[in-house]
Amino acid sequence: MARSTKLYSLIIAGGRGKRLRPLTDDTPKPMLKIAGKPIAYYQVQQSILAGITDVIFLSGYLSSSIEKYFGDGSNLGINITYSVEMSPLGRGGAIRKALSTIPLSDNPVIVFNGDVYSEFSILQLIDKYKSSKDLNPNHAGTLLLRSYRSSYGIVEIDSNNIVTAFSEKPELPY
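Going by our numbering, the first residue of the sequence shown is number 3, and it counts up by one from there.
It is worth saying that the hints were derived from the structure and are not from the lab.
Accuracy of the hints is not assured; some may be wrong.
[What the hints assert, rightly or not] So the derived label-pair ranges between C-beta atoms look like this: (1) I104 / K130: 20 to 28 Å; (2) L78 / E121: 17 to 25 Å; (3) I36 / S89: 28 to 36 Å.
[Claimed, not checked] In silico DSBU-like pairs for lysine-lysine, Cα to Cα no more than 30 Å straight-line: (4) K130 / K70; (5) K39 / K8; (6) K8 / K171; (7) K70 / K39; (8) K99 / K35; (9) K35 / K171; (10) K8 / K132.
The beta carbon of each residue, even a glycine, is placed where N, CA and C say it ideally should be.
When you get a sec, could you build the whole thing from the sequences and use the hints?
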C-alpha cells in the first residue's frame, strides 16, 4: 500500500529479561522464539504489512544477536538500523536517542516493546490515525492495552491509611 509519508518503527529491545532467566542468559527477550521465530520477527512483519520501510531496534543487552538475525533488513526489503545503548537508558531514554537519528517533520513513528507478541494489526491503527480529523499529528499517541491478572493481592487504603478493600489477584485493565 503506497504511503505519502515515510513511516518508522522503533522496537525497544534493550532489557536484560531478568524475570525470564535462564532463558535470557544468552538470548535477549525479543529473540525468544514463538512458533520457531523470534518475537521481534513478528513485529518486523507487522511493520512491513503496514508499509513501514524503516525499522530501528533500540538495543543494548546482547544486541549482537539481534543484529546477526536481522542484519540491515535488505533480505526483507526494508532498512533496519540499530540504536545501541552502551549503558541502560530506560524506555524513554532509548526512544529519545533513536528519535534523534530520524527526521520527524512529517514522519509518524510506531513504538513496540520488543518482548510483546500481538496479532493486533498496526495497519488499522495507522489508517485510523491518518483518517482522524481531530488529532494533532505532532502530538498524537495511542496505547494498545490488554487486561492483566495480578500475581498479588491489591490493598486499597483511604486518606487515613485505613484498609478499605482487598482484592485477591484481581484482573487489572492494563
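Quick rundown of the hints versus the structure:
no.	hint	verdict
1	I104 / K130: 20 to 28 Å	holds, 23 Å
2	L78 / E121: 17 to 25 Å	holds, 19 Å
3	I36 / S89: 28 to 36 Å	holds, 29 Å
4	K130 / K70	violated, 35 Å
5	K39 / K8	holds, 27 Å
6	K8 / K171	violated, 44 Å
7	K70 / K39	holds, 14 Å
8	K99 / K35	holds, 27 Å
9	K35 / K171	holds, 28 Å
10	K8 / K132	holds, 13 Å
Hint violations for this structure: numbers 4, 6, all remaining hints satisfied.
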